[in-house]
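J.: The listed protein sequences correspond, in order, to chains W and Z.
Numbered per our numbering, the first sequence spans residues 1 to 112.
Numbered per our numbering, the second sequence spans residues 1 to 109.
Treat the hints with care, as some may be off.
Claimed, not checked - If you anchor each label on the Cβ, the simulated ranges turn out as follows:
id: 1; chain 1: Z; residue 1: K108; chain 2: W; residue 2: G52; range: 46 to 54 Å
id: 2; chain 1: Z; residue 1: N27; chain 2: W; residue 2: P8; range: 30 to 38 Å
id: 3; chain 1: W; residue 1: Q13; chain 2: Z; residue 2: S52; range: 42 to 50 Å
id: 4; chain 1: W; residue 1: E26; chain 2: Z; residue 2: R41; range: 20 to 28 Å
id: 5; chain 1: Z; residue 1: P14; chain 2: W; residue 2: I53; range: 48 to 56 Å
id: 6; chain 1: W; residue 1: E59; chain 2: Z; residue 2: S106; range: 29 to 37 Å
id: 7; chain 1: Z; residue 1: Y51; chain 2: W; residue 2: G27; range: 17 to 25 Å
id: 8; chain 1: Z; residue 1: D58; chain 2: W; residue 2: Q45; range: 27 to 35 Å
id: 9; chain 1: Z; residue 1: N22; chain 2: W; residue 2: S29; range: 35 to 43 Å
No lab work stands behind these hints, which were simulated from the structure alone.
Only a predicted model underlies this, so the values are computations on that prediction, with no experimental measurement involved.
For glycine and all other residues, C-beta sits at the position ideal for the given N, C-alpha and C.
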Amino acid sequence: SQTIHQWPATLVQPVGSPLSLECTVEGTSNPNLYWYRQAAGRGLQLLFYSVGIGQISSEVPQNLSASRPQDRQFILSSKKLLLSDSGFYLCAQRQGDRNTIYFGEGSWLTVV
Amino acid sequence: QKEVEQDPGPLSVPEGAIVSLNCTYSNSAFQYFMWYRQYSRKGPELLMYTYSSGNKEDGRFTAQVDKSSKYISLFIRDSQPSDSATYLCAAQGGGKLIFGQGTELSVKP
Numbered sequence: 001s002q003t004i005h006q007w008p009a010t011l012v013q014p015v016g017s018p019l020s021l022e023c024t025v026e027g028t029s030n031p032n033l034y035w036y037r038q039a040a041g042r043g044l045q046l047l048f049y050s051v052g053i054g055q056i057s058s059e060v061p062q063n064l065s066a067s068r069p070q071d072r073q074f075i076l077s078s079k080k081l082l083l084s085d086s087g088f089y090l091c092a093q094r095q096g097d098r099n100t101i102y103f104g105e106g107s108w109l110t111v112v
Numbered sequence: 001q002k003e004v005e006q007d008p009g010p011l012s013v014p015e016g017a018i019v020s021l022n023c024t025y026s027n028s029a030f031q032y033f034m035w036y037r038q039y040s041r042k043g044p045e046l047l048m049y050t051y052s053s054g055n056k057e058d059g060r061f062t063a064q065v066d067k068s069s070k071y072i073s074l075f076i077r078d079s080q081p082s083d084s085a086t087y088l089c090a091a092q093g094g095g096k097l098i099f100g101q102g103t104e105l106s107v108k109p
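Build the full structure now, drawing on both the sequences and the hints.
T.: Here is the structure:
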């Protein structure tokens, strides 16, 4: 089974402040990990994915960055938040050759 | 044109109704199809996963894929208020996993 922990669950940050969202996963080793954003009334937008430690691919150029310091840890960061960064951030994992991904409970970010 | 199109709704039905949720896709490389259910302020949870054309049934849920018309459907029988959620379709293939926008479903008691 797959268990994905995300924190914080909810946060309100002022414009220009830094951001760090953390995701840790349980299960088999070397999972593919993903960060998605879901804006209000919109679908899921893939932000970053990682196939291994230190390997990050960015899908959308933006104000965010991602890092994978450990096999089961995936971090989403920003140095200076924008209002447009508000949304629901979801960490997800895919294991091995399975063609499905599983999501965490998400982190709600409101930039004010 | 989006690679996966889904009517965002909202869709409102009475309890006990049969619900039909639909998506179309444009990329012939898509081979795997999924339906996720997302309750308000929660992460999406995987409901159904299908590979080939045809039907797959799991309790009150049936997923249907028609590759010839690039059409995927989710049917919910005997809908319950607890089925009220947003349903997202997804298609995977050719190195891509693309989600539909999601359909908001409300089942009224």
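J.: Could you run down the list of hints and mark each one as holding or not?
T.: Going down the list of hints, with the structure as the test:
Judged by the Cβ atoms, the range 46 to 54 Å given for K108/Z and G52/W holds: they are separated by roughly 48 Å. Checked against the given bound of 30 to 38 Å, the beta carbons of N27/Z and P8/W, roughly 36 Å apart, stay inside it. The beta-carbon spacing between Q13/W and S52/Z, approximately 46 Å, falls within the hinted interval of 42 to 50 Å. Checking the proposed 20 to 28 Å range against E26/W and R41/Z shows it holds: the Cβ atoms sit about 23 Å from each other.
Here the CB-CB span from P14/Z to I53/W is close to 51 Å, well matched to the stated 48 to 56 Å. Separation of E59/W from S106/Z is about 32 Å and conforms to the stated range, judged on CB atoms against 29 to 37 Å. A beta carbon spacing of about 22 Å between Y51/Z and G27/W agrees with the range 17 to 25 Å that was offered as a hint. Remark: the range hint 27 to 35 Å for D58/Z to Q45/W is upheld by a beta-carbon distance near 28 Å.
As the Cβ distance of N22/Z to S29/W is approximately 38 Å, the hint placing it in 35 to 43 Å holds.
Checked against the numbered hints above, the structure violates none of them.
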